[in-house]
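Make one complex out of these two single chains by using the hints.
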Amino acid sequence: EPEVTQTPSHQVTQMGQEVILRCVPISNHLYFYWYRQILGQKVEFLVSFYNNEISEKSEIFDDQFSVERPDGSNFTLKIRSTKLEDSAMYFCASRGTSGGIGELFFGEGSRLTVL
Amino acid sequence: DQQVKQNSPSLSVQEGRISILNCDYTNSMFDYFLWYKKYPAEGPTFLISISSIKDKNEDGRFTVFLNKSAKHLSLHIVPSQPGDSAVYFCAASGANEKLTFGTGTRLTIIP
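In order, the protein sequence lines correspond to chains A and B. For the first sequence, counting from 1, position 42 maps to 42 in the numbering used here; every step adds exactly one. For the second sequence, counting from 1, position 74 maps to 1074 in the numbering used here; every step adds exactly one.
Looking at chain B on its own, in the form it has when it is part of the complex (with noise of 0.2 Å):
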């Protein structure tokens, strides 16, 4: 079941840049994406989040992007800070209450 997927295991972002996340899904019956950031032996938290009908949400440092005709959504970190190294899930749901996630990327910010 690779209906969201993040090519990305890991990517490393010297402090004060941008970093970028991407992810890509192939349901086309996904209209809410989010995304979710864990730290170890910590459950996932909420990030940000985007519906279908928009292809831009904003909320401070975070920004997330969605490309609707290329099943592609991308979260934006800028300025990155040493806090902001986690795992970073993207996740998607339907109709129904559940959600798909993506196998994560590993983010790491360098100071």
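Next comes chain A alone, as it looks inside the complex (with noise of 0.2 Å):
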């Protein structure tokens, strides 16, 4: 079956460095999607994607953040200058054309954790 998988599973940062979380989504899926998890509190939506760019962010998304589909595989989240406050899993999910608005797959998550 079909997955999205996301490298790093696990990494931990100096608060300050740049980080980049690397996601491979299902390969003819057109929307892709950053949420993240902070601990012990709910999924939230960072961004969505498609056509080559952003179609929606939240306010989490600042000046920090930035995605990128460097080729026709990879979608990358970049996090210019890690905070503290950054720790937390973050999802990367895709959808195809067939499924509804929200029915996304998610790849099983990359730890973050600042210090």
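Heads up, some of the hints might be wrong.
Said to hold, decoys possible - Footprint (simulated), chain B over chain A, 3 or more residues, beta carbon under 8 Å:
hint: 1; segment: 20-32
hint: 2; segment: 76-88
hint: 3; segment: 101-114
Claimed, not checked - With a Cα cut of at most 25 Å, we get these calculated PhoX-like pairs of lysine-lysine:
hint: 4; chain 1: A; residue 1: K57; chain 2: B; residue 2: K1005
hint: 5; chain 1: A; residue 1: K42; chain 2: B; residue 2: K1071
hint: 6; chain 1: B; residue 1: K1005; chain 2: A; residue 2: K42
hint: 7; chain 1: B; residue 1: K1068; chain 2: A; residue 2: K42
It should be emphasised that the hints constitute simulated quantities derived from the structure, not laboratory data. Owing to the predicted nature of the structure, the values given are computational and were not obtained by experimental measurement. Yeah, the Cβ is synthetic: ideal placement off N, Cα and C, and Gly gets one too.
Next up, the structure:
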């Protein structure tokens, strides 16, 4: 069964460092997303991406965050200068055209720990 | 931001019985509702959805009910099986791509 894969599974970084989280969405999907879950809190929307541009972003997704689809398969989330409060599980998700608007396929997540 | 609320953090149900998970929302612009299931160390997995034009959607052992006037939805699982033990998230969306999630309910099925 096709799946969304994310790397790394866990990254530890120092505050102020840049981090890139990588995702390989399901190959024929066209809509891509990043969500995050801070420990003990709800899953929160960060950004959606379609047709090589951001279609929607939340207030969390400030200038420190960026997304890119550098080739036909990868979808990356970059945090330019990490803060302690960026520590969370980051989930990549993708969606095809056959499913409903919220019927996303999520990866297993990348746990980011900022020290 | 409490637009989607799951007031029961946990629920225990005997195997074979019905599990009922509840969710309330406040934003009347939401028109599509979903349930996701999450096992530890995995991402959420889509389970079932319902559009605001319906009041019920069924898929095998899973049924979602929507009461728009009460801004309430529920997920029924019958019969409950041990593999159903997981955290269940209610989610909602409006006209855009953004999903708003609830805080989750941890369901434990007792053999």
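Hint check:
no., hint, in the structure
1, 20-32, "violated (count 1)"
2, 76-88, "violated (count 0)"
3, 101-114, "holds (count 9)"
4, A/K57 - B/K1005, "holds (22 Å)"
5, A/K42 - B/K1071, "holds (20 Å)"
6, B/K1005 - A/K42, "holds (10 Å)"
7, B/K1068 - A/K42, "holds (23 Å)"
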